[in-house]
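**Q** Going line by line, the protein sequences match chains X and B.
Using full-length UniProt numbering, read the first sequence as starting at 1 and increasing by one per residue.
Using full-length UniProt numbering, read the second sequence as starting at 1 and increasing by one per residue.
Treat each hint with caution, since some may be false.
Same chains, same label: a pair holds when it works inside one copy or across any pair of copies.
With a cut-off of at most 20 Å between alpha-carbon atoms, the simulated SDA-like pairs for lysine to any residue come out as follows [what the hints assert, rightly or not]:
1) Lys175 x Ile340
2) Lys175 x Gln324
3) Lys606 x Gly499
4) Lys88 x Asn74
Treat the hints as calculated values from the structure; they're not laboratory data.
Number of protein chains: 2
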Amino acid sequence: MSDNNPLVIFTPSGKRGHFPVGTPVLTAARQLGVDLDSVCGGRGICSKCQITPSYGEFPKHGVTVKDGALSDWNSVEQRYDDKRGLTKGRRLGCQAQVQGDIVIDVPESSQVHRQVVRKRAEARDITLNPSTKLFYVEVEQPDMHEPSGDLERLIKALRLDWDLPELEADLGLLKTLQPTLRKGEWKVTCAVHLGDAMFGPRIMHIWPGFYEGTVYGLAVDLGSTTIAGHLCDLATGEVVASSGIMNPQIRFGEDLMSRVSYSMMNPGGAEEMTQAVREGMNALFVNIASEAGIDSNLIVDAVFVCNPVMHHLFLGIDPFELGQAPFALATSESLSLRGIELGLNLHPAARIYLLPCIAGHVGADAAAVALSEAPDKSEDLVLVVDVGTNAEILLGNKNKVLACSSPTGPAFEGAQISSGQRAAPGAIERVEIDPVTKEPRFRVIGSDVWSDEDGFDEVIASTGITGICGSGIIEMVAEMRLAGIVDGPGLIGSPEQTGTSRCFLDGRTFSYMVYDDPERPITVTNRDIREIQMAKAALYSGARLLMDKFGVDKVDRVVLAGAFGAHISPKHAMVLGMIPDAPLDKVTSAGNAAGTGARIALLNTKARREIEETVHNIHKIETAIEPRFQEHFVNASNIPNAVEPFPILNSIVTLPEVNFNTGGGDKDGGRRRRRRS
Amino acid sequence: MSDNNPLVIFTPSGKRGHFPVGTPVLTAARQLGVDLDSVCGGRGICSKCQITPSYGEFPKHGVTVKDGALSDWNSVEQRYDDKRGLTKGRRLGCQAQVQGDIVIDVPESSQVHRQVVRKRAEARDITLNPSTKLFYVEVEQPDMHEPSGDLERLIKALRLDWDLPELEADLGLLKTLQPTLRKGEWKVTCAVHLGDAMFGPRIMHIWPGFYEGTVYGLAVDLGSTTIAGHLCDLATGEVVASSGIMNPQIRFGEDLMSRVSYSMMNPGGAEEMTQAVREGMNALFVNIASEAGIDSNLIVDAVFVCNPVMHHLFLGIDPFELGQAPFALATSESLSLRGIELGLNLHPAARIYLLPCIAGHVGADAAAVALSEAPDKSEDLVLVVDVGTNAEILLGNKNKVLACSSPTGPAFEGAQISSGQRAAPGAIERVEIDPVTKEPRFRVIGSDVWSDEDGFDEVIASTGITGICGSGIIEMVAEMRLAGIVDGPGLIGSPEQTGTSRCFLDGRTFSYMVYDDPERPITVTNRDIREIQMAKAALYSGARLLMDKFGVDKVDRVVLAGAFGAHISPKHAMVLGMIPDAPLDKVTSAGNAAGTGARIALLNTKARREIEETVHNIHKIETAIEPRFQEHFVNASNIPNAVEPFPILNSIVTLPEVNFNTGGGDKDGGRRRRRRS
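The shape of chain X in the complex, shown without the other chains (with noise of 0.2 Å):
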């Protein structure tokens, strides 16, 4: 306590210096560059600065700090405390000064740039680092001697007191900014974005006296059939509310390239489906924003992640180009916009990003998977499957990234096929079939029980067994390969070939019934198997053909991202060939990546730079104008492949190898090309 200039270290950063007897906490880290936080400015309001002293023995800083190395906790600290509890051992960084050598903890909600965890154990967590911040002033009163705008002056005490650079104002906070300054009197509270490549740093709101609340961003992920939004504390990034809306373009068409024909064929029809869309959106935000009990003017940001259609849909541009060759997008960088341009009720000033898109068919959905899974950044070269309508494929490691997309159509969320259906309670999702009965068990959505199980009849007595979701389906059809009912090219066996009368003549091919209830019987038809095997060819081609450009014949791992990879079984995917042989255990799920993408280009802006860079370099090859695609995708329509060995797969499982043609029947082999979609 004798020394006049203590030492003063800084945990977790392990920053320290030396500071005068007096100085705040606060200060002394402000100085070293600690990531403290502070709305009110050292002004003992806000209590953002919160930190632990540590006192004792700390042979590792080689310090002693002693009782009495900071200041006595004070009134303002004591009030503080009264009105609303300081967690123990805790004081207000603004408040205690520094009295001698001193350890001081910066506790994680009292970093700036904390980190949001992310779920997944290999993902990286989010460094938080908002658009927009709070910030506490007091403001210098107008002077007729010094005529000068209250605006000028608010901007003049913003940039004295916390460094922020020549603000702007939108003619929105230039209305409210008068009566506020002197409701306040003279102090505000300021939410400031920071600025991007667009606008410049500007003051988005102003309230009167130091404001307690937060403000807040949303991560909207357009897709074609559902729009989620992610509604984010922008200081803590937590997600305080998700909710999601069916796209109502969806009355347009269900699948994106009936889209652009309507566009096509109306007059006025494009407009129609921005209208549509917009007013979804809203309604969205109105559903966010009542189930987090907070008013939508709060929201201050929002990141929008969507394919190319949409995309375009979105901002009012006729898709009409994206649907013919050369597939020219009308812009493909990142776009930063304001709010109200979109007609978007959020707050009057609020921003609006949009993630570049990587291709005419490769949207800023795929930037945001890349953004999320960051291949770029992987040693191990990892292919990353965001399954949908149409699949996007990523291939790549930290030297190269390939980029693909590949018009999988809709079998795999249950449409064209004949007992398909949405994931919903009643529909089938788990399959088994015993490969020497060849009879199938079972699990529908909403139980774990398995329908040769008891207590089976009382699951299904609410819901009913309705039909197959998309995961039940690749099951299914892997389980009637393994089970020697199908053969590789796709073909069901006649009774006499499988030995199971479970097999019937339906039609001039075979089906296969799975549950036969007179009235609603559910079995999976030779078209059925048709339609799988295009879609997952389609897949596996894409796949395939950025291999080639890569020059490898197998990757190291693979992440398949979207609401429906999260459900499907690694090993029934290998079986019929969907994806590339792979060892089980590095064929993961990534969830909502695309989602979580636009999270992260939310609560980080220097990921918005960072995938901004990522999109220029990630190389795209259109599937469309290779010659090989087609012949990938025809060794592809076997199951899992004419051609390719996939030696994990073969020792894990043995394929019966069986073949039903027998001259007759279908012949065209799942040859037929889907047209794009």
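Dock chain B against the given chain X, drawing on the hints supplied.
**A** Just chain B now, with coordinates in the frame of chain X:
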């Protein structure tokens, strides 16, 4: 011609350099930085790069130009000449190639930064440097192997061909981009805004192929009473149409203070007035576009000047704070906005610029006057007075400029004068009173015939004599003072004191009969004299206060700005003591200097930066809190002044030493202080 690198000399710039034989003149000009226009980039389409070669001996340049110094007239030039006609002696700079030493004149019409000549001898010409220019480019077609947006390829073409920076584009442009590129077969003309303090450079509009037209800008003087606009061709600087309308806010109050009061008294009143002025503005745009025969969609830039109250109401900011000390502006700096933010029906991407305000009473209109009259560049000390309901006064020279405003009230506009009226046919505008007979002669607006001349009855047969306009009342009161009808303190004498029966008892004071029409007599009452005294005292004391602050007793010259200023007789203004004593030939009119300032800022974006800088350096004086203002006001209530000597005036005229105060009658001597309006 044997020289492989002939000498090329451009006039009037004098720039010169050697170039290989075969170099197009446009290329040589670009390399030397010669200001030679081109929209098509040398493709022989636009004809903007016309030059005039000179042949023969040029001892001044030390060169002889022989026949054949330029390549022969070619088919492109022939085609252009056949189609549109090329002035004799002119060549297209992009077609004519250097063959030998040559002197090339760049006519003014081929210069981008040409001079726009101002009509007044003492005014500087305007250097054309508009915000928005046209550029023709040929764009790469999309390539599936290298996917990039159409916008990105357009921006690339503009960067490569024209050295333009990375441009941005509004959503509106993105909507038309793809069909326009294809319609133009990848050849398009772009209107590019080169950027300002708030917005980055951006593509405003795109036309298929080569666009033969031009784009326009608007300079708007948004006055309390009238809104006047000048439509300018941004390529030539020419004013192609002018139009004016009454400010629709007049229905909320004639003067500014009554509008501020209206907003205070009526909830939503400010919004109502904002709505009114914006609607009026849009009506003006319709008028002016129709007058010019253009689509208002071609107006891409607009500059507005106005006083602070109009500034706030136009922006949608409640002017409440401007109605009371300390007269705080919401914002004082210049503003760059989009037209759509203000609901203005111009090009959807149109940019709006508002000049900075100098102080709470000294607005963007005063800044525009400063830009037009440039007191900060004057060698001699100039007093610039913008006469209106509120007078803005600037005093300065290149060393220092001071500014203030003074509440003159509406008397100078003929309001609050018993026989006063707006300037219109039938209004008395010029007056002489015989100092012996005290008989008046006058002229009315619309005729050069004096009232005592033959033909006057015919003149007034159609209009009648309807009243006295603002400049008329100034001459009238000054002539009454010169004829000894009014004394220094402002009393009208009795018939006995003045020796004329035209003076007659009119209540408690005397009036002067100007025109004795039984139905509509025109008189000047003592109350009228009082109104004029107050108005002119306010004006003079503001000017005098600035002279005090500047430390001078006289000014070198006086510039009267404003439409009214154009009609004031300098001699009579000085007799009245409105303006300081100065040589009459040094009192000039600048016309609508605020409007001119707006036009300068419109046509030369560099002037915007210049006036922003100038305004920062102008020292503002707030008259309301200066004790000497009251003293000057009292002294200036006398005609011409109770204490100031006016030596130059006294060398020209003799002011009768009369005093009509006999101890009775009106005693306030004009000392009532008008409330600020």
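**Q** Which numbered hints turn out to be false for this structure?
**A** Of the numbered hints given earlier, the structure breaks just one, which is hint 3.
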